[in-house]
Amino acid sequence: MRIEGLIPAIVQDFNTGRVLMLAYVNQDSYDFMQERGETCFWSRSRNELWHKGATSGNIQKIRAMSFDCDDDALLIQVEQTGKGACHTGSMSCFGEESGAFYVLNQICERIEERKASPQEKSYTNYLLEQGVDKICKKIGEEATETIIAAKNGDSTPLIGELSDLAYHLLVLMSVQGVSTEDVQNELAERHQVQSNLKTPKKI
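Counting from 969, one number per residue, gives the positions in the sequence shown under the numbering used here.
Please keep in mind that the hints were generated in silico from the structure rather than gathered at the bench.
20 Å max Cα-Cα, derived EDC-like pairs, lysine to aspartate or glutamate:
| # | residue 1 | residue 2 |
| --- | --- | --- |
| 1 | LYS1106 | ASP1132 |
| 2 | LYS1029 | ASP1150 |
| 3 | LYS1119 | GLU1129 |
Model the full assembly from the supplied sequences, consistent with the hints where possible.
Here it is as structure tokens:
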């Protein structure tokens, strides 16, 4: 695929689908990305190639790239490293995160915050202090209560029990060093949801 002039490139978080930024790509920057597996754009203000994160450390590792139906725009799916994509220090240039994974991401961040800075009377800190055995016991209890709620056929208590179970699973994942991205990738590989999980898509 040859690129004539400049085309817009939308950069999206591979794991969450969150839009991180918009930039512009020409043939040289596109070739760089194909060779290096990291985002590179054409800076219109500096009139030169811009290897994203080369100075800030906020590298974007490419997981997939695809052109739109008219071949005049590029979607780049990345693993964002460092503080984020925006020069302001935010993860996205488009403000606060939203969407399907927002709540899960926020809870995961809260759990990590509790690990780093424990708070008095925090239930999360209580679980973290008690360790894996206590957390696993709670997961067993919540799983049983989820089954009972499901058997009763009422969705309202079932949603509550599923939420309790999901929270305790997230705490266990944090303690064991497993991320939501790890689980998503495993599910994707098992169910063949993505065929390009490990390497950038060549186009």
